[in-house]
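Q: Single-letter residue listing:
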Amino acid sequence: MNSLKARLSWGLSASLVVLFALQFVVIGLMAPAIYEDRMVERLEHDAEALLGALRIGPLGGVTLGLRQVGPVFSRPFSGHYFRVVAGPSEFLSRSLWDEGFPDTKHPIQRARGPRGQPLLVVTRSYTRRGVQVVISVGEDLSHVSHAVRAMQVQVGLISLGFLSLLVVLQRAIVGYTLKPLKRVRADLEALERGQATRVTEQVPDEMVPLVAGFNQLLDSLQRRVGRSRTAMGNLAHALKTPLSVIRQTTENDGLDSAGARAEIVGQVERITGLVERELGRARLAGQARPGERVDLERELTALARAVSAAHREREVTIDVRVPKGKDCGADREDLLELFGNLLDNACKWATARVRLTVEEVPGMQVRVEDDGPGCPDEELKNIARRGVRLDEAAPGHGLGLAIAGDVADSYGGTLTFGRSEELGGFLARVTIPPVGETEPTA
Amino acid sequence: MRVLVVEDDESLRSQLSDALSKSGYAVDGTGNGESAEIYGNQFPYDAVILDLGLPGKPGLDVLRAWRKRGNTTPVIVLTARGQWHEKVDGFDAGADDYLSKPFYMKELIARMGALIRRSQGRTQGPLAVEGVELDEETQQVTVNGTVHRLTGVEFRLLRALMLNRGRVLSKERLEEHVYDLDAERGSNVIEVYIKRLRDKVGKEMIQTRRGQGYVFGGQ
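For the protein sequence lines, the chains are A and B, in the order given. Under the working numbering, the first residue of the first sequence carries the number 1, and numbering increases by one thereafter. Under the working numbering, the first residue of the second sequence carries the number 1, and numbering increases by one thereafter.
So here's chain A without its partners, still in its complex pose:
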């Protein structure tokens, strides 16, 4: 049963059925007791009436005025019986015919009467003019169970009617409740046909996180596809120039001249740079997957290990300073690409030390600095600009910085350059603003 509708309908109907069944049973259990209480009252009345019909003469002679007792006691096996014992005399109702009245010990007791009728017997003792009077009145119980059963059937029928009505009502409620799902499904279908770009967020509160997460994923995929497309277009476009230079070179000079070789080598370098840069850009996620957090300390430490292994012969130490427990809502691969390129560049220029510092602020503020020669102020502008246009990027140089700039860019952040105050060399500063409320408050 994997349909919400079926689950809800079945669950609700089953609980209703259980409820009504319980009610049926409870009535079956309680009704006889109520009936019997009332019967006992009536029997007590009968006993009083019998006592009233009793005449005790001055000499102790006892008579029972039968006319004062109801006719039911006269009809044989009518279901109503009595026995009156007053001193030595005993009176039995005529309805007993010639069978005896059952003996009882308790004031209210069940007993078996004439013709096996189940009886409820009430016994009362009185004293009249010094004479001990014991009156027992019995009544047939079998018609009680008949009455109870009749009532149960009635209640059952009415309950059944209510039940069907409620089930129908519930179906309607369930259908109404699940209506937003239908709308989402329609949206998804529209999405598939390309008629929509996202799913409506006008849904009940419980579904908002689901739909919002889906939309976020959709947005990031769309951005990614867009970036890939742009990158492919740029690449295809930008590759044509070096390719035609190579073609010209092979046509004009032949491949023997040193000039031609140098030209081709230069163009291959350029193509390599283009491929790295543009495909790097196409690969960027530009956004964390919903709920993804990157543990900066762990990842950056591993990265620093890799970078220093790649520059082992330079014997540069990389000092990574990350606040304890700091994490970041960004794609892990993007972050590694960003800081990998910055650390790599720093290691190339450093004399002995490189330092990466993550600031304790919302979002991300990171400094990567080295103790190398640094960069003259007028050059800084050039480096910063190289990131902007591909065609201006000098092949091989600053490519890593340009890629790092692309990553920062895709997160709405910035990459700026300067001189390190403490180490004296090159400084790269990455600033990425916090993403909405998903950033840690610490």
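Among the clues, some could well be false.
What the hints assert, rightly or not - Under the rule of at most 30 Å between Cα atoms (straight-line distance), these lysine-lysine pairs were calculated in the DSS-like manner:
#1 348/A x 326/A
#2 106/B x 203/B
#3 171/B x 203/B
#4 68/B x 200/B
#5 240/A x 203/B
#6 203/B x 68/B
#7 101/B x 68/B
#8 106/B x 240/A
#9 348/A x 106/B
#10 5/A x 240/A
#11 22/B x 171/B
#12 171/B x 348/A
Calculated from the structure, these hints are not laboratory results. Just so we're clear, the structure is a prediction, and the values are computed from it rather than from any experiment.
Chain B: place on chain A using the hints.
A: Just chain B now, with coordinates in the frame of chain A:
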């Protein structure tokens, strides 16, 4: 010195093999991850060049398997996967260096040389023992100021001897350093080359230990 080239692109593999042979290495090549793992476990390579996208078994798995067995042969990962997260994974798996394609052959050979030197506890600079100086780039030997050219086999043999100076090297061990898997091996080829080397660096520099092998360095 003997190296293993694991690269599934045949033309790149043969380019690598040619370049490395010219630089004086005995080169074995394979394009399959599984056989690469077996080769690496079986032969005492001085270095391995490892591509990552391999048929049979992924390069990183091969590397991890070697490291798990305690095989510490220096490994350069050579791959088109040049993103930093991939490099992090590569170094974590036990790579000693990482070079992404496209690359310069000169850079690869220089880095491999550095890696091997480091693994042997040497610093940079020419290999020099008791007035015999071996230039690994030009494959020439200078003995007391006189420069001698060396053939490929002579160079490899001399380098192996000089790297292990003072230690006895058996003929089999020398053969491993000089020849790759495909080369034909004659029974007395090593003797012939040893004799030629003695003519160039001086008889007393290479001593014969009967039944054991050869030792470089005069006592």
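Q: Against this structure, judge whether each hint is valid.
A: Now the hints, each set against the structure:
The hinted pair formed by residue 348/A and residue 326/A meets the criterion: a straight-line CA distance of about 28 Å does not exceed 30 Å. In summary, the hint linking residue 106/B to residue 203/B is not supported, as the alpha carbons are separated by about 35 Å, beyond the 30 Å threshold. This hinted pair checks out: residue 171/B and residue 203/B have alpha carbons roughly 18 Å apart, not beyond 30 Å. As the CA atoms of residue 68/B and residue 200/B are separated by approximately 44 Å, the hinted pair breaks the 30 Å bound.
Between residue 240/A and residue 203/B the alpha-carbon distance is near 62 Å, which puts this suggested pair outside the 30 Å criterion. For the given pair, residue 203/B sits about 44 Å from residue 68/B by alpha-carbon distance, which is inconsistent with the 30 Å threshold. The hinted pair formed by residue 101/B and residue 68/B meets the criterion: a straight-line CA distance of about 27 Å does not exceed 30 Å. Among the hinted pairs, residue 106/B with residue 240/A is consistent with the structure: their alpha-carbon atoms are about 28 Å apart, no more than 30 Å.
Straight-line distance between C-alpha atoms of residue 348/A and residue 106/B comes to about 18 Å, which keeps the hinted pair within the 30 Å bound. Simply put, residue 5/A and residue 240/A have alpha-carbon atoms about 59 Å apart, too far for the 30 Å limit, and the pair is violated. In summary, the hint linking residue 22/B to residue 171/B is supported, as the alpha carbons are separated by about 23 Å, within the 30 Å threshold. Pair hint residue 171/B plus residue 348/A does not hold up; C-alpha atoms about 44 Å apart against a cutoff of 30 Å.
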